[in-house]
Amino acid sequence: MRRTQIFKPIWLLFLLCFIPLHTFSQALSVKGVVTSVTGEVLPGVNIIEVGTSNGTITDINGNFVINASPKAVLKITYIGYQTQMVNVSNAKNLRIQLKDDTKVLNDVVVTALGIKREKKALGYAVDNVGGESLVKAKSTNVINSLAGSVAGLIVNQTASGPSGSTSVLLRGNTSLAGNNQPLYVIDGQPMDNTNFNSAGQFGGYDLGDGISSISADDIENISILKGPAAAALYGSRASNGVIMITTKRADQKESFGVEFNSTTTIDKQLSKFGDMQNIYGQGTGGQINGGADATKDKGTVNTSWGPRYDSKLYITSFDGVRRPYTLINNNIADFFQTGITSNNTLAINTSKGTTGIRFSYNDMRNRDITPNSNMSRNSFTIRTNTKLLKKIDIDTKVNYIHENVLNRPALSDSRGTLGKNLMSLAGNIDQQWLKNNNVDAQGNYVDWNNNDVWHLNPYWVAYEKKNTSKKDRLIASASANYTVTDGLNFKVSGGTDINYFRFDDFTPATDPEWPTGHWKTDDYQNKTYNVEALLNYNKTWNSIYSLNANLGGSIFSVNNLTTSIEGTDMKARDVKDINGFNTKTVVDYPYKKEIQSLYATANFGYRSLAYLDASLRVDRSSTLPKNNNTYFYPSVSGSLILSELFKMDKNIFPFVKLRASYAQVGSDTDPYKLDMYYMLANKAIDGFPMGGTSQSIVPNKNLKPTRTNSWEMGGEFKFIENRLGLDVTYYTQSSIDQIMNINTSLTSGYNGVVINAGNIQNKGFEISLNAVPVQLKDFRWDVRVNFARNISKVNKLTDDVTNYDLTQARWLSVAVSATTGQSYGIIRGYDFKRNDNGDILIDKNTGLPQHTSALAKIGNSQWDWSGGLTSSFKYKNVSLSVLFDIKWGADLFSMTAGSTYVSGKNIATVEGRDAWYASEEQRIRAGVSQSAWTPTGGYLAKGVIDNGDGTFSPNARYVDPQAYWNEVGANVSSAFIYDNSYIKIREINLTYSLPQTWLHGFIKEAAFSLVARNPFILYSKVPNIDPESGYNTSGSGLEYGSLPSRRNIGLNVSVKF
Amino acid sequence: MVTLGSCSNLNEMNIDPSRSSSLDPNYQLTQIQARTWGDWILTDPYINFLSSMSQIMTGDWAASNYGGQFRVNAFEMDKLWNQLYGGLIKEAVDGEYRSRNVETQTNVNAALRVYKVYLFSIITDIFGDVPYFEAGKGYIDGVKYPKYDSQKEIYADFFKELAEATAQFDATKPQMTGDLIYNGDVTQWKHFANSLRLRLAMHLIKIDPQEAAKQAQAAIDGGLMASVSDDAVIDHYKDISSRDAADYTRNAYAQDLSGWAPQPSAFICASFFNKLYTDNIRGVLPSDAKDASGNFIDPDNGPADPRTFVYTRFYDTNLRSSDNNYAARPDITDMIIAHRAYFPILPGHFAWDPWTNKGFSGDYGHGNFYIGLGTVPQISNYFMNKAAPGVILTYAESEFLLAEFYKRIKNSDTDAKSHYDAGYRAAIKHLIQKFKVPASDLPDNKVEQYLIDYGYKPATGLQQICEQQWLLHIVNPVEAFNVFRRTGFPKLKSPSDPTQLSPVITVDAQIIPRRLCYPILESTDNPVEYKKALDNLGGTNDWTKPVWWDLNGNNAN
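If you're matching them up, the sequences are chains S and R in order.
Here the first sequence stands for residues 1 to 1057, where the numbers follow the working numbering.
Here the second sequence stands for residues 1 to 557, where the numbers follow the working numbering.
Okay, chain S solo, but in the shape it has when bound (with noise of 0.2 Å):
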């Protein structure tokens, strides 16, 4: 089209044809000088003898001197303009013109259905990041590496280690109920992006997602389409965002090319648990039993309420031996080991003809911190595409993906959380003492704490209790384009996302929680089709006007069928497998689903400065009643360049462009939610089957499409000679008739109803900034800013409700609500019940305080505004780029902390301790009961007696601080509500590249990388844990439990043959 280039990588090719030369003649001092396309003189520009680290700079005038060899070729790159190779040939006196970088104003993007579109014709806002960015300091969940990388995009892990899922949140939460997670799309082909399970309130496992399984080295490059307009193509499933990722394929170019990438690092606790006392031991009430007796003190190894750590006191473990009670430095620290994470890529390019070929294998391996815990991944593609008769162009994938995982961490509330456990041992018992003491001689559990289910021992949990997971996965794809006519293409394309997953997860026998053993499988067989039809025509008349039409239809369906197995009741122990378990049940959860769809698009362009889009598309979904099963959205977008228009300086402003758009997309639901259902309990009791409904939510015959009305406005701007880029959108967005599970009074026999209600709205900004503040010879500076903020207000629920909880807590009533009038995820809890000047309401009878009965916002889940900055230099042959990701102003209810405080750990738990031991060993020497005494010391509940007359009097009763805190702990919510804000570093890149002088023909490129992920917390406000720890992807401002996050620092090695 027109005289730009749509083929972004063709100086890659002039760069790959002269490579191999390499001299050593004389040197010829070669002049010349630099212009741009229309005569006026560049400065600054960077002049690179290739393979060399020889280079130069124009000065004010264009002009430039470099003493080089006569067969040089020098490479001249200057920002904004296209780089040129240019052959030195023996010429003394050189004209170089520039012509403007087209690359950096008509950057092509992959848009839906795959086309491929100048960005500046885009109407709505998209966001790319090359796969180059991915490779370096890899995560094992490739879709972390996004993380402050895109503004708008929220990438939040969980607490759930290496193999877990990451929650992935664009423009806001649109959905009450369910899915807010983007879809992804491979290479045109919707990814089953399951996540298999997740813990909730009350425990379980985080099964990791879809995308984890991606490999980065295979990724060419990601697309984010975040606001519906630019999704509306894709229906239904769309309406969270889509993220794009096309995947690398065979270079025509090379007739062969080998790459490597490898990247290891050493994996080491990051958050630590911080805020502890070290004063008092374990006990309760200040007392040890202390005896030679190691039962009598089993009880209290999780609370920290006992006497003053004492050398001459002496207690009895739970192993017998007698030790002195006295405070073990770091003794939960310990527990945690070094993890190392590889991650290795072996990818060769063949081509011959038309016809190219690429290979990659991956394969990773993680060994984590927390003991006997590993995973790896295995993945093998071969991407092939060719041309049949000059007309059909054939691209076809095959992906397969082999994993393994040992060992989940277990989350949440789960009896097997590692951090739970261990977070409130006492201080006068070093973890190490566990290890070697976690089973007897017949592989039975030892009791260590009153065999309390709630803290296992972590040695049992990490080497007896089990869990693994198996994923097999395959990929595939398949396109064809025929070339009808001249602008007349006709696509067929068609893949599969083939997902089998086995989770096993064994208890054995003598467990606490299990005393006769327990297996659980879950096993996944999931599948996704997707076939489509694409008519696409393009005409330009006379280079004014342009079309791009698309006509086109899909069949999308999903067949899904998990297997739960269960075992209770194991007789052979030593068949860790669930043959060894005398009770097996065996129930089947299908999931089916289709959705039909029709779409046209139109784009016409004019000149190349006004496009206008419009998209329609209709859906029919398999999951929807037949009379509401059909549903259209409509999509209209349109951009105008400024700068074109009104013919602006081009120094001054060489780019100016405003976009708007409106889209309203529809979407389904799960399956089987219009009729009721009866199941068959797993257990018959005694031989008599019961059973009953299988519902908790009243199923609704009426349900219609959820729509999400979207509007988008946004502007691009390139300042001083393209060295500034600012991108700006506002959008507005607002979803209604949701399909949402309305809460019912749990009265009617069920929890909710099925219904379509709701209207939440999203609004908000989005600014991208892109600088290169400094550009001289042999350095540069690469500035890229990024920052959102999305401002949501739930606007209706429904007549009758006005609260939803999207997920609770397990401790304290805390829930994280949708609530009428308020923004989207705010934290629900009891507070202290004050009086109307703020103090706190102390209980004159128990000196404690009272707290507010109703449930009331204490915090809110959702952030403020989230950004990023990254920072890059590079000098000669060595670069340095740095990740910064701030999120600010949500908060978290850490239940973590309240149970350091009520085990007696935290450190504010000291107070009034020896003044309240004080106190009642003089009142049991009085022989005066609790209620007739008054005590004399202790801690001191900051707050007022009401009088009843409307006057207060301060507090001045003493209560024991246990009391206290197990007071707060049980009742006020609001103690455990910490701000969540964080800045943390993401990633650090420090790249060496060796010269190319060093290289000869056989490598071609060869890079070297210090790199680390996560590296630092600079700002965090969340005492103990990383401030990213929530236990599942849906729901955030929740935490319990958490295990230490990671930080890997290692190097990256990178070498192209």
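Among these hints, one or two may not hold up.
[Unchecked claim] BS3-like mimics (lysine-lysine), calculated; alpha carbons at most 25 Å apart, straight line:
hint	chain 1	residue 1	chain 2	residue 2
1	S	1004	S	75
2	R	531	S	833
3	S	466	S	571
4	S	833	R	532
5	S	248	S	1004
6	S	683	R	238
7	R	531	S	857
8	S	99	S	71
9	R	238	S	571
10	S	520	R	238
11	S	833	R	545
12	S	584	R	238
13	S	683	R	434
14	S	796	R	531
15	R	491	R	457
16	R	545	S	844
17	S	796	R	147
18	S	777	S	71
19	S	844	R	493
20	S	1021	S	942
I should point out that these hints are in silico values taken from the structure, not numbers from a laboratory.
For this one, chain S is given, so just place chain R on it according to the hints.
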């Protein structure tokens, strides 16, 4: 374009192939019966609140922390409501609705009607005014926010339902297949329905004596339970442990009592132990027969009730089995009896409170051990056995209720005594037949001697009848709590009452609560009706406010 027409039928695709659209209501009857005592979430509040507020159990963390020291905890309290409305009542209403007027399901429908009354009686007796007429109908009638009905109206409907259901049982119609209680015997069902009617009638003895008399008489005329074999118990549980919320195949209350450790800590409250032994026993040490205050009296003639050391036993807290088996705990009762070293935990105390725990050193064949918590009576292994029956209503209770009826309404001490004696003998047989207590541990001569020594006396008869009901309900805390509230017997004092031997501080109430709080979720999920219910209660969700029939309020008579 693409072959849209040739696709599979989209509507058929949306029918779940793994589930049923019409399940036999018999399976629902089985499920709700099994869940009555097999659902651990449902039974949790029994130990956490009802049993400790009734001063049957105390001392372990759950019992003392919540019901012992009167701490409101919504999470624990709401379980009862949530499991009944969201589970058992839901299934009862659904199954009853679907079997209504179905010729072949006449009997299962009648059984579901009776059982539904039983389930709703738990809810209304614990909470007061509750959703009844519209409850459980979220799907059937689309009622999202059921209205709260007055307990008076609910009781009126109970009697109507029980009368109709009793008449509906028909031995000539197909037998129900899912009955865990009587295996489908409709005659026994009629006896159960009538005894239930008698129980509910007696609940109203204070608030509406006429109606109570009328309904009791109708129940008597209809035919009450006649022997221990008529006992309504769920006796199909297995002795297994499971924390699976959907596993109803073991007695979950027994599991709550036996706990998860090899060392259960299900301590019997001093109030209960002393009533069995005789009054006023706090604790006796071999070397310390009476303390300075004079409150410790050595019961030279104890134990009074032959059930004392069947209900309660003393277990060593030092030695424990390696296989988490509560039954393997060394039983040191004989040694404790020999030493007269009983230290039941006073109401509201924790067993490990240093000032409540007394011990001594003794040898029961494993060397000389310090016996600490071993001196605290615990509920015996019979009730920790997870295959133990779950008690709904027994012949013994029916007889005690009859005794109360004759005493209060007919003013006949002769009839009252004969039913009292029959009730007591039935209570003993109930333990032998249903809880597998060896008959030799409860010999007839001791039982008869008890009826002579501590037998019914006209002057104290009413108190004796009521206290016998309380003692009978050792593992039926709902009815124990009902008996205490409606009769004022036994005369329990709040743990914080200054006249207690060793008062403890109680937190969210100073008097013994009279109900449980409505779930906090009702305030957001059913706000209009919830507010009306609170208004009827005086404006706050106050657990010291009595339910309609509880005229005693806080003033024990």
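> Which hint numbers does the structure go against, in order from smallest to largest?
Replying inline: Failing hints: none at all.
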